[in-house]
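From the two separate chains plus the hints, produce the assembled complex.
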Amino acid sequence: MLALLSGSVVLLIVWFLVAGALPALRDGYLPRLLFDEHWQPGSARDPQFALMPMLAASVLVTALAALLAAPLGIAGAVFHRFYLPKRLAVWNQRMLELLAGVPSIVFGFWGLTVLVPLINRLHPPGQSLLAAGIVLALMILPTIALTSQSALRSVPESQLLAAAGLGMGRFATVFHIALPSARSGIGSGVLLAIARAVGETMAVVMVCGNIAKFPGSVFDPVRPVTATIALEMGYASSSHKALLYLAGLILVLVTGALTGWLAFGKRNAGEVS
Amino acid sequence: MKSPVSRRNHRRFSDLACGIVGAVAASLTLVVLGCIVWDLLRLGLPHLSWLFLTGEVADGGRSGGIGPVLVSTVMIVVIALAVAIPPGVGCALWLSEFVRPGTVPARAITGGVDLLASVPSIVFGLFGMAFFAQVLGLGFSILSGGLTLACMILPLLVRTTLTALQSLPVDLRPSAAALGLTQTTTIRKILLPAALPGILVGVTIGVARSLSETAALIFTSGYATRWPDSPGDSGRALSVHIYDLAMNIPNGAAAASASALVLLLMILVINSFASFLAERWLRRYHS
Numbered sequence: 001m002l003a004l005l006s007g008s009v010v011l012l013i014v015w016f017l018v019a020g021a022l023p024a025l026r027d028g029y030l031p032r033l034l035f036d037e038h039w040q041p042g043s044a045r046d047p048q049f050a051l052m053p054m055l056a057a058s059v060l061v062t063a064l065a066a067l068l069a070a071p072l073g074i075a076g077a078v079f080h081r082f083y084l085p086k087r088l089a090v091w092n093q094r095m096l097e098l099l100a101g102v103p104s105i106v107f108g109f110w111g112l113t114v115l116v117p118l119i120n121r122l123h124p125p126g127q128s129l130l131a132a133g134i135v136l137a138l139m140i141l142p143t144i145a146l147t148s149q150s151a152l153r154s155v156p157e158s159q160l161l162a163a164a165g166l167g168m169g170r171f172a173t174v175f176h177i178a179l180p181s182a183r184s185g186i187g188s189g190v191l192l193a194i195a196r197a198v199g200e201t202m203a204v205v206m207v208c209g210n211i212a213k214f215p216g217s218v219f220d221p222v223r224p225v226t227a228t229i230a231l232e233m234g235y236a237s238s239s240h241k242a243l244l245y246l247a248g249l250i251l252v253l254v255t256g257a258l259t260g261w262l263a264f265g266k267r268n269a270g271e272v273s
Numbered sequence: 001m002k003s004p005v006s007r008r009n010h011r012r013f014s015d016l017a018c019g020i021v022g023a024v025a026a027s028l029t030l031v032v033l034g035c036i037v038w039d040l041l042r043l044g045l046p047h048l049s050w051l052f053l054t055g056e057v058a059d060g061g062r063s064g065g066i067g068p069v070l071v072s073t074v075m076i077v078v079i080a081l082a083v084a085i086p087p088g089v090g091c092a093l094w095l096s097e098f099v100r101p102g103t104v105p106a107r108a109i110t111g112g113v114d115l116l117a118s119v120p121s122i123v124f125g126l127f128g129m130a131f132f133a134q135v136l137g138l139g140f141s142i143l144s145g146g147l148t149l150a151c152m153i154l155p156l157l158v159r160t161t162l163t164a165l166q167s168l169p170v171d172l173r174p175s176a177a178a179l180g181l182t183q184t185t186t187i188r189k190i191l192l193p194a195a196l197p198g199i200l201v202g203v204t205i206g207v208a209r210s211l212s213e214t215a216a217l218i219f220t221s222g223y224a225t226r227w228p229d230s231p232g233d234s235g236r237a238l239s240v241h242i243y244d245l246a247m248n249i250p251n252g253a254a255a256a257s258a259s260a261l262v263l264l265l266m267i268l269v270i271n272s273f274a275s276f277l278a279e280r281w282l283r284r285y286h287s
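Top line first, the protein sequences correspond to chains H and C.
So the first sequence is numbered by the numbering used here: it starts at 1 and just counts up by one.
So the second sequence is numbered by the numbering used here: it starts at 1 and just counts up by one.
Chain C extracted, bound-state conformation (with noise of 0.2 Å):
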């Protein structure tokens, strides 16, 4: 039989230990998200230049810089946008707005878009290489890259402006049917411009996807590092270019780190940009 007095020290010490063992285990993340930023500085940094975000990539990397690259990036990406938002948005549009949720071609193709979240960016790369490189013709390029980062972002899309259309409010529908306006005038002139900012924050979201991509675009868009002349071309992104210097490229490390900065210094922004975009539109439609 435990005394009270005993019995309470006991569950001091309890809380305290969980305490302690949270405390560790929370900060444990922290320090190692700043080691991973210091060594990238630490290493990075004296690389990094205005030259080296202009110049074109000399010595394999390891000298010069990376303004190809991130012209191919920024190619890739637009394009993966420009491909996958009207199909996303649109398959949104008519989950949301023309079939009943539940029914079975509605399950059918929610269950299809959230199998598609989940296939590996690596199996993307596969069924790109096979199916946009080769069977379409489009060879290693910029345009085949795009195309596979489109099928991969295209779930998120979908997603996100299922998800702003839905939290709009209920009474947008009934009001707009009550004033006459046909359902193509409701979408165009109500419902998608109200959902504006929260299918902005997936687009958002698309973009640092995109970005952080490599496996699906190492056999897709391949490796050149000229200054790509149309999407036609082959060209590395950044993220390939990385794994390019710190795998086949002695000594590269330097020259990858920066680059590692960079990509990092780009999501960083997007993703900030993001979480404002988000936090201004549930302010306005949920406070």
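For reference, chain H alone in the conformation it holds in the complex (with noise of 0.2 Å):
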């Protein structure tokens, strides 16, 4: 009972999404939302849903913090399981775990506060996918070095033992041996990493500029679908409310078929071995 009660929640939830979004999708918005240029739902003259820029912000301030964070965590947790002592090694991963238990909001803070202004002096006005993007891959990066540093600590021990055994370097076993053998594992960290991307709201809203456009460049501002549901969530009304519904309902779409997507890779990589 209290089971079907857990597992039913998210039944509930999406059954909510779907029954709010169904307005916007009934009344035929959806060519509106590729097709119409600006994001004014609430204009009583002209309403205008264009959800295509919001959808592109969302991606590509996900796929820089990715990009950012990604190669840097994979390369702190190869250092960490090759190269640093193991007294150090264990304070680094405290310093790491500490770091992934920095909430989303301190990281927003500090980058409307530090980083922001430091972007303006580079490039104005700050508030961009650059600082988003930033800010996006500071909060990622334990995960990944963290799930990587799991991942590089399963590679057998009698696998780098044979690859010394062979005279290889350090740099040989890391890129021949250890990174091959643990790719999936690496792997499902980045993509639990992204999916943790796509759904983060606050840190994102603090930083990114929050208007509806496509960005010329990474200097732009722009606004996730998350930052549209936080900023408009409060005084949305019929269909303007329903298309943040709809909005929310792609977010747990997204989400969850990463989710899956992990489920099913371990799954099968469970048969396997």
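Source of the hints: derived by calculation from the structure; they are not laboratory data.
Model, not experiment: these values are computed from the prediction.
Quick reminder that beta carbons are idealized off the backbone N, C-alpha and C, glycines included.
Do not take every clue at face value.
[To be verified] Derived lysine to aspartate or glutamate pairs resembling DMTMM-like cross-links, with alpha carbons at most 25 Å apart:
hint, chain 1, residue 1, chain 2, residue 2
1, H, 86, C, 279
2, H, 266, H, 97
3, H, 86, H, 157
4, H, 266, C, 114
5, H, 213, H, 97
6, H, 86, C, 97
7, H, 213, H, 36
8, H, 241, H, 27
9, C, 189, C, 279
10, H, 266, C, 15
11, H, 213, H, 232
12, H, 241, H, 97
[Said to hold, decoys possible] Partial list, derived from the structure: chain C residues whose beta carbon lies under 8 Å from chain H:
hint, residue
13, 86
14, 246
15, 247
[What the hints assert, rightly or not] Pair ranges (Cβ atoms, derived):
hint, chain 1, residue 1, chain 2, residue 2, range
16, H, 122, C, 45, 39 to 49 Å
17, C, 226, H, 28, 17 to 27 Å
18, C, 50, H, 157, 49 to 59 Å
19, C, 134, H, 44, 45 to 55 Å
20, C, 163, H, 120, 37 to 47 Å
This is the structure:
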């Protein structure tokens, strides 16, 4: 009974989203989401519903964050596993766990008060795709580093010993033995981090600039889907509200698909070994 | 054709380069953490005092303290835990003791719980506002916020409790059955007490997650900065307070930094407690 309750909360949420988004789907807004030029859903005279710039912003911000964080996190994990003395490695891991626990609002606040003025000096206005990407990258970095560490730790010792026996250097061992062997673990860590980045709201809303247009460069302000929901949820009504539910539904579908992909990959990997 | 010497030099160089790149990557992460903490301390520490922790919010948060905010935060977290622990533990018990893993109902429930874990927090906020605040008529209240957070930490509790139950020695169950204990007694007197530290780890992480949450709370527990009288009142959580100070209040950065320091310290203490518990638990059963 309790189990059924726990398992069905997600159904309740999805049902609410679908029911909320239904007016938007039924009234034929779908083509308008794709082809409208502006986002002014509250306007009485000329409501327009261009969702594409926001979807694009979500994708771009997430991709930028992953591109920044994945190399750093993986390189850091390699260093942690193959170079760092054990006692320091323990501390490195503690620090990463600490960083992983920092609330997103703190990252966002730091981004707003420190990072945005820095970028502003480089290229105004500062609140930008770049700022959001960097803040998100910092947020998902510990996730990637920690999962990569545990993936590298599970590379069989015998393979590493065999590599050493063949006279392979550390560089060769890392690139030809350890990383290929840990690939799926590292990959699922990155995927997990991406799922988190797509759904992240607070850190992004504070630094992204919140302008619902396609960005021309990384210094342009953007507005991802999550930020739109957070900013407009408080006052939206009727069709505008339905659109926000639709946006939420899209988010759930994307993160759900990523999670499903992860679980599926894990099960297949489990059956092979 | 490379001579053996140049090849060895080449190898030495690539080993070194690999190490340097890794060192830079690893230290960059820590430097950034250091920067964040340093900036918060620089901005917030002068603002921090006993009066700040206990005082009323004044002037939109620029002066005064965060007393009512802390009380609201604690109330929200307590409600979330009280609501989420029974179904969370119950669900884990059912999955570990009553169904065979891999059967259709077990997989459906596990899938549902995992999917719930993947839902972004802003969507919990959207759902909480629609369901708890509007459909159930609770309005913007501490209760709405707590219930929303309960949904959010539920999968975490299920997962950690399940792990705790599954990592108990397998022979506990047949031994208890051999002593003629019923399954209910076995669960109540043997399995749950033995898994308690593991469950506590989950609860502790749940507290940390609830404290860190902002997006799910803005439109469920609301913005009010009064002292809350009952769970039916609106009350802002600490994270929402930081957001409001940073985004909507000009010159709110000092108070926001001080609040962020308080939040960070709370999370630090709670997470350290969780890893302390987890280490003791591991030593007990896996040494």
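To see whether the hints hold, each was checked on the structure:
no.	hint	in the structure
1	H:86 with C:279	holds (18 Å)
2	H:266 with H:97	holds (24 Å)
3	H:86 with H:157	holds (16 Å)
4	H:266 with C:114	holds (13 Å)
5	H:213 with H:97	violated (36 Å)
6	H:86 with C:97	violated (39 Å)
7	H:213 with H:36	holds (12 Å)
8	H:241 with H:27	holds (13 Å)
9	C:189 with C:279	holds (24 Å)
10	H:266 with C:15	violated (33 Å)
11	H:213 with H:232	holds (16 Å)
12	H:241 with H:97	violated (38 Å)
13	86	holds (7 Å)
14	246	holds (5 Å)
15	247	holds (6 Å)
16	H:122 with C:45: 39 to 49 Å	violated (28 Å)
17	C:226 with H:28: 17 to 27 Å	violated (45 Å)
18	C:50 with H:157: 49 to 59 Å	holds (53 Å)
19	C:134 with H:44: 45 to 55 Å	violated (23 Å)
20	C:163 with H:120: 37 to 47 Å	holds (46 Å)
Of the hints listed earlier, those the structure fails to meet are numbers 5, 6, 10, 12, 16, 17, 19, in rising order.
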